[in-house]
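Student: In case you want the letters, here they are:
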Amino acid sequence: MSLVLTGIGVTSGIAIGQVHRLTPGELSLPEYHLDADAVDAELERIRRALDRSQRFLGKLLERMVDSGDTARELLESHRLILRDPLLVDATCDRIRSEKINAEWALVKQTEQLVAEFKRIDNDYIALRREDLEQAVNLVQRELADQPSTLIGAQVPHQLGRTIVVAPELGPADMAVLNQRRVAGLVTEHGGPLSHSAILARSLEIPMIVGLHHALDVLEEGEAVILDGHYGALLAAHDESLLRHYEDKREVSLRRRADLRRYLGRPSRTLDGTNFRLFGNAELPEEFQRCRDAGVAGIGLMRTEYLFMGDQVPDEETQYRAYRAAVEVMDGRPLTVRTLDAGGDKLPPALAVTQGPNPALGLRGLRLSLAVSDLFRQQLRAILRASVFGPIQILLPMITSIEEVRQARHLIESCRQSLIGEDLAIDPNLPVGGMIETPAAALTVEQLARELDFLSIGTNDLSQYVLAIDRQDELVSYLYDPTHRSILGLIAGIVASGRDQKLPVTVCGELAGDERAARLLLGLGVTDFSMPPASLPAVKKSLIEADAGRCRKLVEAFLREDGDEQSGQSLLEALNRPAE
Amino acid sequence: MIRREVSLINRLGLHARAASKLVQTAAEHDCEVWLERGDRRVNAKSIMGVLLLAAPMGSELVLETDGVDEQAAMNALVTLIENRFGEGE
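Protein chains in written order, with numbering that gives the first Met the number 0: chain A, 0 to 578; chain B, 0 to 88.
Everything labelled a hint here was simulated from the structure, so no lab data went into it. Treat the hints with caution; some may be incorrect.
[Claimed, not checked] Lysine-lysine pairs mimicking PhoX-like chemistry, simulated, CA-CA at most 25 Å apart:
1. A/K117 / A/K107
2. A/K58 / B/K20
3. A/K551 / A/K500
4. B/K20 / A/K117
[Claimed, not checked] Distance windows between CB atoms, simulated:
5. B/D65 / A/Q133: 49 to 57 Å
6. B/A26 / A/I119: 31 to 39 Å
7. B/E4 / A/Q133: 45 to 53 Å
8. A/A35 / B/V67: 31 to 39 Å
9. A/A35 / B/S6: 17 to 25 Å
Computed from a predicted model, the values in this text were never measured in an experiment. Beta carbons are placed, not taken as given, at the ideal position from N, Cα and C, and that holds for glycine.
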């Protein structure tokens, strides 16, 4: 590749390693253990996927009567591979003996065969590795029930010094990559607020997004340096450059360690205003990190992650996830947001039809109310977990008071059904609402009467108020969460909460932005919820802030009659050290 | 059960195309078919097994067929190998 490529850096870290290219979909291979009684069904599943793959190849062969021997032989060899006992019988054996799902068993067996092929020093035979992988991909596609998309080779299990390059990455992909300790990430698409970018920040994985054509220019195994701060990817040919970046990486790791010291200090501003820091978390590792950072609780547990697999998780699976989270938090409150699917993140398993404009369509609480059997499952799971520690329920994307009433009614009916099962659930379990649509923000006073707490989702609120899709690279430059319109709404929400004595938390990206912390403080916010990685820097910014001065500056800005719409210069002023 | 030694005389040895033909021929028969090279023994109905033998030209192999149509299978396989897998020269 050329010396440097640039995109948008989303995590300000540095990673040094080798490129590993991923093509679409290849990470969506689920891995799970089977109950003993599910083994037969799984064997049947893989047999059917193998049959369908054979038929697919057979049809292709029929159609290519005239396309020459090489192509035919290639397909023939794929058919042979898919009948090969070394692959088929061994994979079925793994499903039986290791009690794992078909995809996983197939991946493991393929890896083993690839390893055996690697040992052979013969060009003619080395080529067959590709055939094996392509043939297996056919089956994986059938198993995933998405025969039209590509699933490439499985990702290696240890990614320590690896920088993964992909068109884009979903939350499930991020979970796998994080588990395998990837060094850095590059995606061709997406913006700094895409789901994967948010997760990368939270997990402190250096990442560049929007690096167009990265897969066209980068070669497998190429040595590169990823500078997340500048969004730059550099070729690591030069020794002195490499040394420079290794030093830089050391410095940034040390800075992070320095910031961590603030975590132990009381949450109080220079002039004595108390504030509370909460964590946003969805993956198990994140809860641990939040607790270790000393948060007051979890302000936002997203649950979409649970729904991203092949199947909708049953009540038991969800219950285990919520219970595990609340147990990790050890007495500190856990705010579980009910499924906020739709828009840009619709779980395939839900199989709900999308309307013409998903962002304004069936999503969030609307979707949950539309599939109320599933919603009940989730509510029951949350309520059952609440026996193990303080839990509160957060409803996403509300626009009307009627939705809140319906949801509360369902919660109550689930609670009653659990009493019948001898589970005593707190009848006053707090139910809050995300204020993230203009309708909710403008009628927050009424909504507040039906709710126990409010949570401001600054990302969606900004999108809807500004009419900007933050993922759309053509207009994302206009995305400005400090726009006067949004600051005015936040001030109004905070005031309503104060009047009705309801806690108000900000849990959007703005709350985790160390530069925006004082802006929110000036707007009257004292509860902040953010990814664990942001906690140290935000805490430092707030501890060193003068809350009175912040309020004055923000109030002056909102009162001003000037033509300034963006709060960017206000941000500058707020972050200048006080005299 | 029948065992028989054969010698690979085609130019490329048991490369991909030859291996495919061998496996296809073996798979046409009901009997078990095994292929040995040195101390390695593989199922000749397994394309990857056969490829993993990595047998170059001139290799000495042992074919073994075992089952109802073992004689027919042996004849077909030996013919295939002796005809250099239809590669020509």
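Student: Verify the CB-CB distance for B/A26 and A/I119 against the hinted window 31 to 39 Å.
Tutor: With Cβ atoms ~23 Å apart, the hint is violated.
Student: That 17 to 25 Å hint for A/A35 and B/S6 (C-beta), does it hold up?
Tutor: About 50 Å separates the Cβ atoms of A/A35 and B/S6, which means 17 to 25 Å is violated.
Student: Hint says 31 to 39 Å; check whether the CB-CB distance for A/A35 and B/V67 agrees.
Tutor: Distance hint for A/A35, B/V67 holds at roughly 37 Å.
Student: Using the C-beta atoms of B/D65 and A/Q133, is the stated range 49 to 57 Å upheld?
Tutor: At roughly 33 Å between Cβ atoms, A/Q133 and B/D65 fall outside 49 to 57 Å, so the hint is violated.
Student: When you check the alpha-carbon spacing of A/K58 and B/K20, does it fall within 25 Å?
Tutor: holds, 20 Å
Student: B/K20 and A/K117 were given as a pair; does the straight-line alpha-carbon distance stay at or below 25 Å?
Tutor: Judged against 25 Å, a Cα distance of about 23 Å means the pair holds.
Student: Between A/K551 and A/K500, is the straight-line Cα distance small enough, at 25 Å or below?
Tutor: holds, 23 Å
Student: Below or equal to 25 Å on CA atoms is what counts here, so check A/K117 against A/K107.
Tutor: holds, 15 Å
Student: Mind checking the hinted window 45 to 53 Å against the Cβ distance between B/E4 and A/Q133?
Tutor: Violated: the Cβ-Cβ distance is about 35 Å, outside 45 to 53 Å.
Violated hints for the displayed structure, listed by number in ascending order: 5, 6, 7 and 9.
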